[in-house]
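Protein chains in written order, with the working numbering: chain A, 1 to 311; chain B, 1 to 311; chain C, 1 to 311; chain D, 1 to 311; chain E, 1 to 311; chain F, 1 to 311.
Treat the hints loosely; a few may be bogus.
Any copy will do: because identical chains look the same in the list, a pair fits if it lies in one copy or spans two.
[Unchecked claim] No farther apart than 30 Å at their CA atoms in a straight line, the calculated lysine-lysine pairs in the BS3-like style are these:
hint, residue 1, residue 2
1, Lys-205, Lys-7
2, Lys-221, Lys-54
3, Lys-172, Lys-54
4, Lys-54, Lys-265
5, Lys-222, Lys-54
Calculated from the structure, these hints are not laboratory results.
There are 6 protein chains.
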Amino acid sequence: MFYHAQKLINPIVADEPDPSAANALQEGLGGQFGEMRTMMQYLFQSFNFRGDGKAYHDLIQGIAIEEISHVELISKTISRLLDGAPEYHGKKFDVPGKGGAATMEMAKEQQNPHHFIVGAQGALPVDAAGNPWCGSYVHCNGNLILDLLDNLVLESTGRLQKCRIYQMSKNKTLRATVAFLIARDEAHEMAFAKALETLGVDWAKILPIPKFDSSKYPEVKKLIDAGINREQYHFRLDGSQMAAIFSGPAPANDGTELITLAEPKQSYPDPGAPERPEEFAPGLDPELQALADALVEVKVKIQKSAKESKE
Amino acid sequence: MFYHAQKLINPIVADEPDPSAANALQEGLGGQFGEMRTMMQYLFQSFNFRGDGKAYHDLIQGIAIEEISHVELISKTISRLLDGAPEYHGKKFDVPGKGGAATMEMAKEQQNPHHFIVGAQGALPVDAAGNPWCGSYVHCNGNLILDLLDNLVLESTGRLQKCRIYQMSKNKTLRATVAFLIARDEAHEMAFAKALETLGVDWAKILPIPKFDSSKYPEVKKLIDAGINREQYHFRLDGSQMAAIFSGPAPANDGTELITLAEPKQSYPDPGAPERPEEFAPGLDPELQALADALVEVKVKIQKSAKESKE
Amino acid sequence: MFYHAQKLINPIVADEPDPSAANALQEGLGGQFGEMRTMMQYLFQSFNFRGDGKAYHDLIQGIAIEEISHVELISKTISRLLDGAPEYHGKKFDVPGKGGAATMEMAKEQQNPHHFIVGAQGALPVDAAGNPWCGSYVHCNGNLILDLLDNLVLESTGRLQKCRIYQMSKNKTLRATVAFLIARDEAHEMAFAKALETLGVDWAKILPIPKFDSSKYPEVKKLIDAGINREQYHFRLDGSQMAAIFSGPAPANDGTELITLAEPKQSYPDPGAPERPEEFAPGLDPELQALADALVEVKVKIQKSAKESKE
Amino acid sequence: MFYHAQKLINPIVADEPDPSAANALQEGLGGQFGEMRTMMQYLFQSFNFRGDGKAYHDLIQGIAIEEISHVELISKTISRLLDGAPEYHGKKFDVPGKGGAATMEMAKEQQNPHHFIVGAQGALPVDAAGNPWCGSYVHCNGNLILDLLDNLVLESTGRLQKCRIYQMSKNKTLRATVAFLIARDEAHEMAFAKALETLGVDWAKILPIPKFDSSKYPEVKKLIDAGINREQYHFRLDGSQMAAIFSGPAPANDGTELITLAEPKQSYPDPGAPERPEEFAPGLDPELQALADALVEVKVKIQKSAKESKE
Amino acid sequence: MFYHAQKLINPIVADEPDPSAANALQEGLGGQFGEMRTMMQYLFQSFNFRGDGKAYHDLIQGIAIEEISHVELISKTISRLLDGAPEYHGKKFDVPGKGGAATMEMAKEQQNPHHFIVGAQGALPVDAAGNPWCGSYVHCNGNLILDLLDNLVLESTGRLQKCRIYQMSKNKTLRATVAFLIARDEAHEMAFAKALETLGVDWAKILPIPKFDSSKYPEVKKLIDAGINREQYHFRLDGSQMAAIFSGPAPANDGTELITLAEPKQSYPDPGAPERPEEFAPGLDPELQALADALVEVKVKIQKSAKESKE
Amino acid sequence: MFYHAQKLINPIVADEPDPSAANALQEGLGGQFGEMRTMMQYLFQSFNFRGDGKAYHDLIQGIAIEEISHVELISKTISRLLDGAPEYHGKKFDVPGKGGAATMEMAKEQQNPHHFIVGAQGALPVDAAGNPWCGSYVHCNGNLILDLLDNLVLESTGRLQKCRIYQMSKNKTLRATVAFLIARDEAHEMAFAKALETLGVDWAKILPIPKFDSSKYPEVKKLIDAGINREQYHFRLDGSQMAAIFSGPAPANDGTELITLAEPKQSYPDPGAPERPEEFAPGLDPELQALADALVEVKVKIQKSAKESKE
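Please construct the entire structure, taking both the sequences and the accompanying hints into account.
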């Protein structure tokens, strides 16, 4: 059973909107190696888990739960990058629809016209080329060694693509989220590689993949300095055996140590998103808005007084 | 940010395996109107939510979180129905692979050969016709009224299809889960219909869809008697404004009342799943199994002693 | 602009339901070479037609219009074959859901579980393997010679597949519709081959494809004897230049002549379809049914009296 | 059985070509909520209709027939917007291929390279992101209330997306067609909402969706003033019971009345499309063109004399 | 540049036709981890190869070339299993179409109706659930370590699925081909694992995946005894540096040695396939057959005499 | 069984990188009528060939083998056009990633962001609109006449699209490869048309399709002058009966003759591709590179000495 708290796993850093950056980031959300895939793959692997390898189960499941929060983070980052997109790059676009102005130029800047026509300047379950996410991306073989190896490939490819996306844009909103995901993908690489280490594999010096010093990206460096790339969280309200695997020397064989925590040391406020009249979002006219407000208000009052009378 | 506890939202009721029932149930998991769709649709709607209609946001998000637990429940039900499938229907199939016996007959009984070849007798992210789940199923328009109406259609179609699936099989494992989902889909219909009621709509007598007395299904009756079809849970660790909408008379206009709770009154143990050697799942040979066991044991000891020495 | 009359282009012949036959026939409806493809391909070719080759345009468009009626005919044939499917083959299935009986066996006989769960025992826009119809099936190249040749291949493949489907089943409902489509596909082969003949091509003896005497199928023979395989209809309320091409010796070079008509000499009543309570179709409960009946009745009365008072 | 007349349901208004506008409009043709979907969804619902609710059947079917004419209109609008695209925006592109000039810049302006490479500057069965239309878009549940509600959502989403597309471009060719579709989608919203009203639902003030005064778009205003958004046509050559539902007060509850007509009061000429040599469309070389002309001419003469000799 | 010789890499062993076995084997051809994927993935990786790691390039490319021959072998095996399918299992089906008999029962035994309707009882580019092969299966990341690891996962999953398919059927035609592929997948696992070993990785005892003694399958044992699972062929007419990697101790760490050869020691005749009149395959009627025979004969004679006169 | 030699069927001509040209060329590789389709369609047709029409089989198969080399050629052309893409058009982009510079502008110039994020500036198995290649493109009907006609349409459409692509760009790298494919597609049109000619068809003057003088493209003229458009190669190491069909007057009826050869008269060196650090391709860091180099060196030495000691 799953639970939620309205806070984010990493902050949304403010910068100008940038619809092209948003579109590139869609690969990290709805791409074949994006967060929707990791989330669904690990959820299916944990739901279908066979045998009594509890520690392995808890490791896979813990990462699965984290990935839901990654889908949350990256969705909100994309929405933020798209939001107010018309003002992108030195206000080159006017307020969209102002005085009946056409928004095509803005929409073209968005690359995927669905961001304007379908998604109301919000994240979509598609990749950077506009292909919808597909169930066949999920690999769940039932064979533990193979699933671990497949997961290692998945995290490595995710990290490789995010390193490429990082280089594509200097937008701070994009880079903050991507840097966080690069650091976390590295932690997940460590997790699955460590699980295979328990079965005897020695990874020598090939990890992490891609093999390069990601601390040359300043946003990543800050996270590495804080140890984010060697921690794993289990997000379990009833405990976890994850630490039986995720502890001790990192399989990167670089002298670092793995640390299991219940959840990240910090969490961040959800910034919310403004109305966008040019998208009819949320699109209540004054009459309906008043109605909604009133009804909610009344009910809240009734509930309060009911509650008070009970007390 | 999301959390988890290793318990189920409804019990997995024991009965014989039944691979055809499992395949029909795939529609409820990976079909166009199945739980993966509801989960992703409501998650995207809550992540992309615009404006300050907090109560509406919390309603959509609360149901989104529940749907992850539905994906968990239905996945585990499918796996259970597939598991040991060879012994299906009066043991007509022998233990699969025993003495090198061929398992084709069993596999054919499974309808979708992927359940044996790809999924290791576990749930797959596909529908009952074998089509993989697709991102284009997710509707997230940004327009509040339209999203609520779309959600009402989604829940109604889900409930309609589950009522049909209920009738397809007498297997108790299938019926227990399907009955629960019928009752919960009805609650979700109430939720979205109620939200539209706050904007003035009067549903008269058309709800729930399909319009019939589902209490004629005994498994559903028990749940209705317990009030399951008029409750909604928010699953939020930090509170929710869901109750501002989900309270008062049900929009079915049948004299019932809606009740918001933090989480279901009861939860149920996860039964786990046995190894299946004919699927090489999990597929550790004795040597690797020993290695894994030993390493984990040692690490647990070390951790314990490290912990003790700290204390 | 399009118009309609509630009659069929060929009769639905009565026989027992047969869900497997229905599923095979789906290939002729939603398959890569089925009627949805021909309909959309020729519609797009006529909508995008360039230049002043009016006769060629009218030929393509006339066949396009006929294909909509083929989609109508084949859909209704599939629904008829599925309808009451439980009584298939010597009543081996009981009335579905009677006394709460499970319908799985019936559903399994249907091959594609979507026919029961999704389609309410009606036709679906999918092929015989359950794949949804896809826009990429439509070929519209703009180059006249190529489009005509592509259409000839399309009709030939359609006819080939229908000849195979004919042999799969002895069910009279299936065979009547398939025989009609075999004869019509042959007429369409003649149409596109004749259009290429006007540009100089001589087809010698290779037509129709597949090359065999389809009059050995008795249902086809009757249609050929009536000349159905050498007629083409333009279905235009405002005239057509189709006859400039579709006339004279058939390109099968077998001594037959092509004849253009405004529409088929005969048309047939639409048999309608009964309610199916086990599918909740149409699913109005007594209260709603009464309401609907009453409202409609009242309105009809009001309209009548309003009309009378006007006169 | 279907018929056709070579005239359009709304005029194609002249303006400069605009390939980006054409691409945005593809969403209205081949998108998940575009005209191909409405056409196929309502056709399937009418072909698979169960029970004796004749008025409901005729309502759904009447709109289905209209949608074929919408596919015709929007296809021809897209072709017009693409046609001569190189001269787009102040002749910034030269005649394509003139003197062997490369057309890449023009093709890039088209967003979807298929418009140049595959579609010969004509409409394609794809959406604005280039995804081909998919059969799974069609919802046909068999349950009348659910189908009506699904159709209401479909029309509302279609109208929402068209309102967004309207704002994207000032091109008159685009705006004339989109304005017409906005008005017609509103009529269709009324139709399905009214059908649900006969079953007791009261829509209060939430219709139409999106809820805003579309008469602020001048092209829409003209159509509303002419009553286009409250009329429905049945296009039936043999009468229809549609008016039993589509009459009386509009469910927008704004004092307007619904009116059923056999067909629109006006229709418009089809402008045709010129040859495009750079696309080899239609691509007959002088020799073949002569051949074609001659053969057709001869045949027309023969037919005439044959006809005369008969008379 | 590629070349071909008309011989097979493994013999097609004779047994009764078995359409269900053929369908299961489709997973090995057109499935996500089947031979079409391996062929295309390695071809793309070798075509896009960057840098001067010639030995790595030649290793990947050599396996790519072999995979084309695997696609050839498995296609011909599927065709053989389907061919004459009506006589499957003790002749329970009559000669198809004999005396106009319906072939539905046979077609149903085939699971995927496309084998009869579309493929003329031949192999199709689809998986065992009927999904067409998809370009997104191909992973080509450009990063050498990642590509090697991805390839190892691909071969391991392929081998796992083939081990499952082996167990599904006792048909000798199926088992001979599957056993060969199990042995070859193991060789390919060795190849990619060995390439990673050159970069320092030690695989301990986890290889091959799945980890079990496949020599308990007698058909596999014979191949292992012949050393098939430790050989790799480069199929290059101009030499290869493959042996720089594929030599020395196998990464299974079981004392075996890797051996590079130019091509397999043995090759096998292609059995060909008979005509199937019920499929209209090849479908020349006597007149056309005579024509074809005559024309070819004449031309062969002319060529001969021309050749002789030259000599 | 297949073989390979590391040389190309046409030279890669040097010019500036041009990512838009590369994207257009993707249609020729992974499009519905591109080289992956022709390769797989003819391979399947030859693998599933029925009956004893050996000459027809060898014709289809010979072209199939050539198509693999076309996939090789076009992949390498695309990679070359993408490679170093930042320096495209007068060096307008700086070295990507230099000093941490963002590469978004370059990536945007690439149209399909997957070329940068997923494909490491290499060819992808997708079309120009980014849709992945699909198994349903492959037509293999078993009926010889139909397959030949389908192949003729396929080659004609391929040639049409390549003529359009030729006009899109003046880049010499693109034009050299496209010109070669235009000439070869014409040869393949001749091949399939000639095969139908043996069955009596007379093509008059409609070939090749599109019907125009392609020698007005200078790059094509040079190839035509060399006779490339009337030759066909069988690429068989063990002989072929292809010449029985592919000889004598060309079905274009223009006085030219068809000539069968074992392989092209010339072949060309493979230029290779440089490392791209901004893509982490191949991405070995200095330590791993040294390791790899050393290991390979040592092994080569050992092999040499082992070989010498054997001699």
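We went through each hint and held it up to the structure:
1. Lys-205 to Lys-7: neither (37 Å within a copy, 35 Å between copies)
2. Lys-221 to Lys-54: Neither, since 34 Å and 35 Å both go past 30 Å.
3. Lys-172 to Lys-54: between (40 Å within a copy, 28 Å between copies)
4. Lys-54 to Lys-265: both (25 Å within a copy, 27 Å between copies)
5. Lys-222 to Lys-54: Cα proximity of Lys-222 and Lys-54: none, with 34 Å in one copy and 34 Å across.
Checked against the numbered hints above, the structure violates hints 1, 2, 5; every other hint is satisfied.
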